[in-house]
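J.: Now for the letters of each chain:
4 protein chains.
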Amino acid sequence: MLNESACGVYIISVTPFDDRGTLDLDGTDRLIDFYAKTGVDGITILGIMGEAPKLGHDEAIAFTRRVIARAGKLPVVVGVSAPGLASLAALTEAVMDLGAAGVMIAPPGGLKGDAAIVTYFQNCVEAIGDVPFALQDFPQSNGLFIPVSVIERIVATCPTCVMLKHEDWPGLDKITAVRACERAGMRRLSILAGNCGILLPFELARGADGAMTGYAYPEMLVEVCRLMAAGRRGEAHDLFDAHLPLVRYEQQPGAGLAVRKYVLWRRGALASDAQRKPGPRVSRETAAEIDFMMERLDRATAPRAVRAAS
Amino acid sequence: MLNESACGVYIISVTPFDDRGTLDLDGTDRLIDFYAKTGVDGITILGIMGEAPKLGHDEAIAFTRRVIARAGKLPVVVGVSAPGLASLAALTEAVMDLGAAGVMIAPPGGLKGDAAIVTYFQNCVEAIGDVPFALQDFPQSNGLFIPVSVIERIVATCPTCVMLKHEDWPGLDKITAVRACERAGMRRLSILAGNCGILLPFELARGADGAMTGYAYPEMLVEVCRLMAAGRRGEAHDLFDAHLPLVRYEQQPGAGLAVRKYVLWRRGALASDAQRKPGPRVSRETAAEIDFMMERLDRATAPRAVRAAS
Amino acid sequence: MLNESACGVYIISVTPFDDRGTLDLDGTDRLIDFYAKTGVDGITILGIMGEAPKLGHDEAIAFTRRVIARAGKLPVVVGVSAPGLASLAALTEAVMDLGAAGVMIAPPGGLKGDAAIVTYFQNCVEAIGDVPFALQDFPQSNGLFIPVSVIERIVATCPTCVMLKHEDWPGLDKITAVRACERAGMRRLSILAGNCGILLPFELARGADGAMTGYAYPEMLVEVCRLMAAGRRGEAHDLFDAHLPLVRYEQQPGAGLAVRKYVLWRRGALASDAQRKPGPRVSRETAAEIDFMMERLDRATAPRAVRAAS
Amino acid sequence: MLNESACGVYIISVTPFDDRGTLDLDGTDRLIDFYAKTGVDGITILGIMGEAPKLGHDEAIAFTRRVIARAGKLPVVVGVSAPGLASLAALTEAVMDLGAAGVMIAPPGGLKGDAAIVTYFQNCVEAIGDVPFALQDFPQSNGLFIPVSVIERIVATCPTCVMLKHEDWPGLDKITAVRACERAGMRRLSILAGNCGILLPFELARGADGAMTGYAYPEMLVEVCRLMAAGRRGEAHDLFDAHLPLVRYEQQPGAGLAVRKYVLWRRGALASDAQRKPGPRVSRETAAEIDFMMERLDRATAPRAVRAAS
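Protein chains in written order, with our numbering: chain A, 1 to 310; chain B, 1 to 310; chain C, 1 to 310; chain D, 1 to 310.
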């Protein structure tokens, strides 16, 4: 079960579709195997980058079942954000029955004032019982700013809030502030960094326990976490910066998922880079730019591997 | 089946819950009977004021089944707006199988530029096939302004778009402009006015065919439509203006549903004025203010009835 | 000087332009005379409905000078909201030098979290010194919800915050809550109701001290305040409800100012109903609808006048 | 005068303040000299990153006068976006009298529908006459998406629109689309890329003529433009990618200006990194992270310089 000591990389999984937009359950096995081989510590499904709102309830259940079955010992966290608490609770119950480790909840946009955000999470806890959950702090997506003082109040009143999925941007000082709250007595949270990992090494240095994002080279995320944990900061930045051109390209809002799926397809993790409608594929020019960056990345990281081997 | 000649009052039905937030299916019969007795021409369920996002998929189906069974010959329109097309299509198919007359679709917020709105409705049509639908134009809810030129393009490319649920505000000149498009060759739409009917007599004079809103005295909406159709404009305004204090009170954004349910409960149409969480009940002060307006309304309309009877 | 005992009607003045969009300073005298004759207790200029953002700095000063000169003993409050504190402070200093009674400040949209709103007003006080100000609480305009707890914190830390211009909607329970805070120890605020006065009699009963809005029949606002203060609630509602059709029409967001200026022009208070660009005039249909309502209003209120005179 | 053949780097200048928030006119000379030495082709002032809304009208004029005097032959473009056309026109007239090369205009948020955006720019042209202007396309700042078809209509009806400041994000395909419009007959625009230059080499390859952004190492922007123009794509990316960690850090929305001013202060271009209130300085941790990146940047670019020198 998800708890406050979770760390490392919880990869945000894409959802595979075929070219007609049908959910690709066989392809799901291949994708999960790909993720597992990169050394990730967990898998998060049905997030925004998992095209969750485009799945019907039954599809969401079928996909979750398949992922959990294939993931083996890897914990699976499921995004259950929904416009209403009934749907949120129904999906939570279903995925926990299937063996999920916990759920992830982003508050809906439109909550008015700090207190309304706290109340929202209290209502969620009332609806999902003792299921551990990650609070997704993602203002770029829902327009909702969550002050640190609100996080404190949620932690104080919702014992099952065990993780902060941190995607506020800018957000480095927020990590520092949350950790300061803990030193002042707040219960500990696991903090996993999202937002494409665009600032990952710094986020880890500020106190994040790892990453929960979906960059298409998960092995880089894993290795950066390992290097930072080992105190090898310079090497962590060297590796991260070699990937930064592509990370930066994947972080483009709205367009990033098409990029990510294209790279995963190029790497053999997906049979198709299709998104379900509405959701564009990369343009011809974009594909060429990604190819260009992947080649440069291969060259940049290859010598390192050679040197390390020699 | 819903078509472009629909007119009169399609009442926006509330969804009855008991005090613990459980869907009240028995109470649904009572509510539908109440609506039917007021003389409405149709019933619209699972709109925003029907707390649709708070229902799970199965609940939505169960409620729709019950309403259609009870409504008899009255056509039932079902709101199917959803974050994704898969859910929208699944709900559409289910409710049409149950005997719905058509569906209502509001575009999601966040569509970028005029063309994206047109494309969205084309995608919907691709997803729901030949089911007739009402385009819900409700910027106060989703932040999406739909220019008249966009309505024209949707009508031109989506033959199953047969109705405009008009709730843009201000919107009187928009009705005039849509009707002018028709005179210039655009296919006819049924236009039913929403937004609590706050400008109903004027909307009818501008060319609306009726109302699709949920004011708790549906008989007033019915009678105003009848009087306007009969050319008795002064009487229509007299009747409407007698109700305007309460209409205005019910129109308060966010708070209006609590007011509406309270009035329906006071009138015996609901066993409880509870909303499902999150959703407040009226405060003690608010209840007293509504009581005050209901009494004044009784007095204002009673003499009319007496005079009419004598 | 504006203080916490301000009450009655502070009319939100329009800004007169001629048909080419030139500021009409001579017309300003006529307008202020019109307002003064209706019995208002004060005048508020350069609000949103005063087209303040369309005026250059020098025009704003010239208009303020003219209004204050003509208003005589009537206190003049000036809207000074601006994108930056330097402009806000410069305008405040200038208008106070001209003899304004105080200023009105709406926070900019985009403030993140409750604390940022409090800090914003503290920064304002730092910038404008000991000038008394009205906090404009107008979420429909700037998207910023201000919880009652934030109002409490502003009042506690900004001694020059003497008035709440209340336009949150729904907002009746908010007035009740603010007054409850005062009973629990918070310093008193004057509360004047805005939002076109759409709920004025109820707002007064909840604890508002008057109105700060710009309805084109200010004498109604004055008389409703007087009747409510005298405990003649039924008469207050009778009078208000006679005007409600037009108040409701004027409240249409975005379109309301054109309506208001048209009525003021029809009543002889303005030489032209023009707004400065961008800002439409009423359509032919809209003008006819307003004429219709003004005639009905005359009939509805005339007998009352006759009876009062006899 | 600004025209459609503008290319290279128009650096977005910060505005220097001292630690108490006073405009630093002497420091302005030092800053402009710094920019000029980096080889930029022009200077843009009073943009969002120039803290324009925080300046009073007189300060804006004084700063513009000083910059133009010091910039010598370098063209100076001035941001004149304002809530109203009167202020926009007054500032435009003033800065053109001082010798500005043209102005930059971002439309206000809240315009409804594609046609309203076109009309807004037509109104601007009516207000500023024949002054050449750059259309700032910056949805992250004002929430306003501008479709390519709208750009076409603005170009067709506003002959003085000579430049697109491109900051839509994602936006690479938009550059491609605008250039395709030109091949199909649209009048040519200069396109300068903004958004911190986060994708600069790709933007240039897609058809941008240069950059209009404020990265604190302008010499990199200049050199990347030069290398791309010379067809030396690999070298351009090598140089850009060496800076990307810092570019990425500076791009953080809301926090970026504090970062940029800190780097400029570290490089001796500013006497203080202070922003005028409200606007935070970098935290201690942030400063240390920037120092770390600047050291890494020095090491990464130093050998290149040595090799180039040898």
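By construction, these hints were calculated from the structure, which means they are not laboratory data. From the three backbone atoms N, C-alpha and C, an ideal C-beta is built for every residue, glycine too. Check each hint, because a few of them may be wrong.
[To be verified] Simulated crosslink set (BS3-like; lysine-lysine; CA at most 25 Å straight-line):
#, chain 1, residue 1, chain 2, residue 2
1, A, K112, B, K277
2, A, K73, A, K37
3, B, K37, B, K73
4, A, K112, C, K112
5, B, K112, A, K277
6, C, K37, C, K73
7, C, K277, D, K112
8, D, K73, D, K112
9, C, K112, D, K37
10, D, K112, B, K112
[Claimed, not checked] Chain C side only, calculated, beta carbon under 7 Å to chain B, not exhaustive:
#, residue
11, F202
12, D241
13, R248
14, E289
15, D291
J.: For every hint, state whether the structure bears it out.
T.: To see whether the hints hold, each was checked on the structure:
no., hint, in the structure
1, A:K112 / B:K277, "16 Å, holds"
2, A:K73 / A:K37, "13 Å, holds"
3, B:K37 / B:K73, "13 Å, holds"
4, A:K112 / C:K112, "11 Å, holds"
5, B:K112 / A:K277, "16 Å, holds"
6, C:K37 / C:K73, "13 Å, holds"
7, C:K277 / D:K112, "16 Å, holds"
8, D:K73 / D:K112, "40 Å, violated"
9, C:K112 / D:K37, "39 Å, violated"
10, D:K112 / B:K112, "11 Å, holds"
11, F202, "6 Å, holds"
12, D241, "5 Å, holds"
13, R248, "6 Å, holds"
14, E289, "6 Å, holds"
15, D291, "12 Å, violated"
Hint violations for this structure: numbers 8, 9, 15, all remaining hints satisfied.
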